[in-house]
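There are 2 protein chains.
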Amino acid sequence: MKQIRVGVIGLGSRGKGNLKTILTIDDVAVTAVCDIYEDRCRQGCSIVEEKGQPTPFSSTAYQDILCREDVDVIAVFSSWESHIRIAVDAMKAGKIVGLEVGGAETVEECWELVDTYEATGTPIMLLENCCYGKNEMLVRNMVRDGLFGEIVHCHGAYAHDLRGEVSTGKENRHYRLNHYLHRNCENYPTHELGPIAKILDINRGNRMTRLVSFSSKAAGLKQYINDRKDTFENKELIGKDFMQGDIVSTTIACAGGETITLTLDTTLPRSYSREFTVRGTKGMYEENTNSVFLDGEKESFDTAKHYKEVIDNARSYEEKYLPDIWKNITEEQKKKGHGGMDYFEFVAFFDAIRHHKPMPIDVYDAAAWMSITALSARSIAGGNIPVEIPDFTRGKWKDRERLDV
Amino acid sequence: MKQIRVGVIGLGSRGKGNLKTILTIDDVAVTAVCDIYEDRCRQGCSIVEEKGQPTPFSSTAYQDILCREDVDVIAVFSSWESHIRIAVDAMKAGKIVGLEVGGAETVEECWELVDTYEATGTPIMLLENCCYGKNEMLVRNMVRDGLFGEIVHCHGAYAHDLRGEVSTGKENRHYRLNHYLHRNCENYPTHELGPIAKILDINRGNRMTRLVSFSSKAAGLKQYINDRKDTFENKELIGKDFMQGDIVSTTIACAGGETITLTLDTTLPRSYSREFTVRGTKGMYEENTNSVFLDGEKESFDTAKHYKEVIDNARSYEEKYLPDIWKNITEEQKKKGHGGMDYFEFVAFFDAIRHHKPMPIDVYDAAAWMSITALSARSIAGGNIPVEIPDFTRGKWKDRERLDV
Chain G
32 MKQIRVGVIG LGSRGKGNLK TILTIDDVAV TAVCDIYEDR CRQGCSIVEE KGQPTPFSST
92 AYQDILCRED VDVIAVFSSW ESHIRIAVDA MKAGKIVGLE VGGAETVEEC WELVDTYEAT
152 GTPIMLLENC CYGKNEMLVR NMVRDGLFGE IVHCHGAYAH DLRGEVSTGK ENRHYRLNHY
212 LHRNCENYPT HELGPIAKIL DINRGNRMTR LVSFSSKAAG LKQYINDRKD TFENKELIGK
272 DFMQGDIVST TIACAGGETI TLTLDTTLPR SYSREFTVRG TKGMYEENTN SVFLDGEKES
332 FDTAKHYKEV IDNARSYEEK YLPDIWKNIT EEQKKKGHGG MDYFEFVAFF DAIRHHKPMP
392 IDVYDAAAWM SITALSARSI AGGNIPVEIP DFTRGKWKDR ERLDV
Chain W
32 MKQIRVGVIG LGSRGKGNLK TILTIDDVAV TAVCDIYEDR CRQGCSIVEE KGQPTPFSST
92 AYQDILCRED VDVIAVFSSW ESHIRIAVDA MKAGKIVGLE VGGAETVEEC WELVDTYEAT
152 GTPIMLLENC CYGKNEMLVR NMVRDGLFGE IVHCHGAYAH DLRGEVSTGK ENRHYRLNHY
212 LHRNCENYPT HELGPIAKIL DINRGNRMTR LVSFSSKAAG LKQYINDRKD TFENKELIGK
272 DFMQGDIVST TIACAGGETI TLTLDTTLPR SYSREFTVRG TKGMYEENTN SVFLDGEKES
332 FDTAKHYKEV IDNARSYEEK YLPDIWKNIT EEQKKKGHGG MDYFEFVAFF DAIRHHKPMP
392 IDVYDAAAWM SITALSARSI AGGNIPVEIP DFTRGKWKDR ERLDV
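Chains as they are written, first to last, in my numbering: chain G, 32 to 436; chain W, 32 to 436.
A couple of the hints might just be wrong.
Since the list can't tell identical chains apart, any single copy or any two copies may satisfy a pair.
[As the list claims (entries may be wrong)] Pairs of lysine to aspartate or glutamate, EDC-like flavour, derived with a Cα cap of 20 angstroms:
id : residue 1 : residue 2
1  : K313      : D192
2  : K47       : E112
3  : K339      : E306
4  : K313      : D261
5  : K329      : D258
None of these hints come from the bench; they were simulated from the model.
Only chain G is shown next, with the shape it has when bound in the complex (with noise of 0.2 angstroms):
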């Protein structure tokens, strides 16, 4: 397979952003585009003819690039609930799938990924990006050294304001708002959970076995609409009551007896962060102050100066931690999406199809991570009722050796 030839699904701003990226990778072309509007098709067209390939196939409908025999790879970006009806299609049109990341709908729709899987042996990834995060690299690293010590306990966050891309989500054909208006989840989980779930060797050792998620009220939309109601476009949303609750706090079990805590956080005011902590026996890592502290070191109770005191000093363990792909990124590199993890992320997934390795993210961690969001629907919507995980490997995970991305 000398050129991989990829059929793009899904062409909104994560789906031109990734368009974009996989145009830059040696040896990939992209064949066909879809999207279910028309003027998005048209601009990936247009993408592609500007990086010099020829002007691509383009369609409405997912199923017209699914049957060509001129692409070999799917990439699925479109709408969250549409991200594993169109996987599963394209594994059974016998297509490599790159799915972009999403929570799904219902457990069934995984068990359906994981089932299609098996019975077409069509290889799958599931692209998170966050996997491929310079810090989560390097903590990632540092952990495996045993630097930590036994981990016990991580935690991570989607701590990311949407409250202005998701109110105006009519005008700008943005399908969160519907999420948002009408479900209460933790409806994005992966970003944070892929990261810890490798570390923690989920499904190659371990698994999680069992969450509860609790929902804040949803407060924060309601207000940051009112709050700008003269000038508002979408009127009918003012005074509007959302489902969505502005903070979801999960908290997961391991197998391992390790903990997990997941907190959705995207409908009040704040900062971007991951929250991504580490925590073992002989030491921890924060993300928020990208600080590391390990056994013996001096302790503060004056807990704003000890932090002053640390805070970046994980910047002292890249030399010897940080992956080679980070200590030579390019400036070409950084700009290829979200400060380099798209393009490496990419990179890993057609280096996999191209020497058919095994899939850094696979089928089961797919469906694990995914399937969060419809279990802590069930955990919420049920007065925070315990709620088993799906063992998606049928007790393979006892017996699969690490894989680390």
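Mind docking chain W on chain G? Use the hints.
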């Protein structure tokens, strides 16, 4: 009541410290001391004498103190598990009670505390010093002024590396060792929960309705002891398994729709923090970085860079919002326990007694906050089940008015 006469029960490390602080309050005399250990009683007497007060009555049996006519107030600084028993007996004996913090062993004893108070009318205050903390009082005033909008979520932790203190418990007669060997729960919730409960008007217009707790495995103490085994005095602890999980994550739902997350974090290496965090529709406060973020401020996708810029910016709010007691704190007051907050707490306690004011942290607060320990144990033992938090006010929370410390 010119002079308030105090009987102090419990003279371990905390009790001795509090005794010294009490002896600095105007028109307060310590007329009796008690501890189950004789030598501690003698030390208590010496501390009182050194302050120029007459040698107090002394006994190893607390009942001997409760029946004394020269005692108006009982201050309970004994082991966690004896707090409520002594407080109940003191109220029955007609003695005003100052109750050091700690978690309740059972929900029933929390009810007994409330029932005894309602039957006797004897004033009782939970001595939660962190309600008088500098950050906590600053942020409380910011919340009351509406700076953060509607409060949606709060977080707090008791994050304090107690591995040394707990594991050498036998030598220093520290009873906590047995808690860590035999129990698994949120064993110390009130330092972080108290200030949060006050902000959220718990028992006064709001109440905590439900919790779920998760415990990580218990690996920290075993590792700590093993790493020091050559010199570790208490040889029988080497290789011993502890029951108490290293990280206990508790989530609490409130009647007003707010959520609270609490973390017990006492057996892994880290620096101290209460992680006090307040999230509202218009802004937030985070204690780790002592930082404020308000709606409309510039967000950043470079998390550590952001926190480097905002760290300690809460100081700029002190002029407007810091209470006078903290603005005018003297060097002498700062030395009176935990940077001054212990002193402020005792001033408030004795002021309420002297002027017959309602206790700023009353029996309903004590019962609700302390019950979290027993309820978290139930949730963990049951497999992370949701546990209802009793309404210790029996419905009066709906009509009781806000009372800040």
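A quick look at each hint next to the structure:
no.	hint	verdict
1	K313 - D192	between (34 angstroms within a copy, 12 angstroms between copies)
2	K47 - E112	within (18 angstroms within a copy, 61 angstroms between copies)
3	K339 - E306	both (17 angstroms within a copy, 15 angstroms between copies)
4	K313 - D261	between (54 angstroms within a copy, 18 angstroms between copies)
5	K329 - D258	between (46 angstroms within a copy, 17 angstroms between copies)
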